[in-house]
Amino acid sequence: MGNWLKKGIIFLIILMWGGQLAWAKVSADEAKKLGITGTPLTPVGAERAGNADGTIPEWTGGITKPPAGFNVGDFHPMPFPEDKKLFTVTAENYEQHKELLTDGMIALFKAYPKTFKMHVYPTHRTASLPEWAYKDCIDNATQAELVEGGNGFKGAKGNSPFPIPQSGVEAIWNHVTHYRGHSVGKYGAQAAPTRNGDYTIMKMVETILLPYADPKATRKQIERKNLFGLFFANYYITRPPCRYCFVNP
1 MGNWLKKGII FLIILMWGGQ LAWAKVSADE AKKLGITGTP LTPVGAERAG NADGTIPEWT
61 GGITKPPAGF NVGDFHPMPF PEDKKLFTVT AENYEQHKEL LTDGMIALFK AYPKTFKMHV
121 YPTHRTASLP EWAYKDCIDN ATQAELVEGG NGFKGAKGNS PFPIPQSGVE AIWNHVTHYR
181 GHSVGKYGAQ AAPTRNGDYT IMKMVETILL PYADPKATRK QIERKNLFGL FFANYYITRP
241 PCRYCFVNP
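Numbered by our numbering, the letters in the sequence shown go through residues 1 to 249 in order.
These are calculated hints, taken from the structure and not from any lab test.
Possibly wrong hints are sitting among the right ones.
[What the hints assert, rightly or not] The list that follows gives simulated cross-link-like pairs (lysine-lysine, PhoX-like), each with its CA atoms no further than 20 Å apart:
| # | residue 1 | residue 2 |
| --- | --- | --- |
| 1 | K220 | K154 |
| 2 | K186 | K203 |
| 3 | K98 | K117 |
| 4 | K203 | K220 |
| 5 | K216 | K135 |
| 6 | K135 | K220 |
| 7 | K135 | K33 |
| 8 | K117 | K85 |
[Said to hold, decoys possible] Label-pair ranges, simulated between beta-carbon atoms:
| # | residue 1 | residue 2 | range |
| --- | --- | --- | --- |
| 9 | T37 | K114 | 43 to 49 Å |
| 10 | G185 | P81 | 27 to 33 Å |
| 11 | G152 | L209 | 16 to 22 Å |
| 12 | K220 | F116 | 50 to 56 Å |
| 13 | Y235 | I172 | 18 to 24 Å |
Glycine included, each C-beta is placed from N, C-alpha and C at the ideal position.
Given these sequences and hints, build the entire structure.
What follows is the structure, given as structure tokens:
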């Protein structure tokens, strides 16, 4: 049997499995777990409580205003300058913290035992969103539904459609559509260093429009806009010169 046929059969099996996904919305009682304050889940569906050993605190609303003296366009200052380092993970002691390290981190300790280290500071849950984005997410819980096959959704706007996901497909759509703002314009730079330290910096200008997150649009308007795409992005590479570079998100 050819590889293309095997892949086709696997794809059909996935589609058939996807057809068994539940399309039901979350009940009103279940959605009551979501809220800005006083609920077990945050407005976007995260656990509000901290962990048992206290290393992760309760979410209490995050940072909702810029620090004193901050001006738009400035580099973001450290919001907790009073924090003291708890400990440092090095090649000598990383085994003590192995259950909290990724394979990549461990590889770096092994590759650069004299220079690679990780300073550990207290954890803060700083995330915050506009109140309208919270409301949209809470409302989405009882209104959003997957379309047949899971290749899309309806009845949602502004933020993750499934704050209490019932399947992996819903969790993926949450990641794709979580709040980023209505539009984004920024300058960026990135590099992928090789093992021996060589790298080339790529600079770009990014412009992104997210109609799905338009705070003034109704759910019906959002559904019509989604027919043309959840978001539109333009990436203009300014360095290095590239004759055939293009990005199609």
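Status of the hints after comparison with the structure:
no.	hint	verdict
1	K220 <-> K154	holds, 9 Å
2	K186 <-> K203	holds, 11 Å
3	K98 <-> K117	holds, 14 Å
4	K203 <-> K220	violated, 38 Å
5	K216 <-> K135	holds, 13 Å
6	K135 <-> K220	holds, 17 Å
7	K135 <-> K33	holds, 13 Å
8	K117 <-> K85	holds, 13 Å
9	T37 <-> K114: 43 to 49 Å	holds, 48 Å
10	G185 <-> P81: 27 to 33 Å	holds, 29 Å
11	G152 <-> L209: 16 to 22 Å	holds, 19 Å
12	K220 <-> F116: 50 to 56 Å	holds, 53 Å
13	Y235 <-> I172: 18 to 24 Å	holds, 23 Å
The structure fails hint 4 only (numbered hints given earlier).
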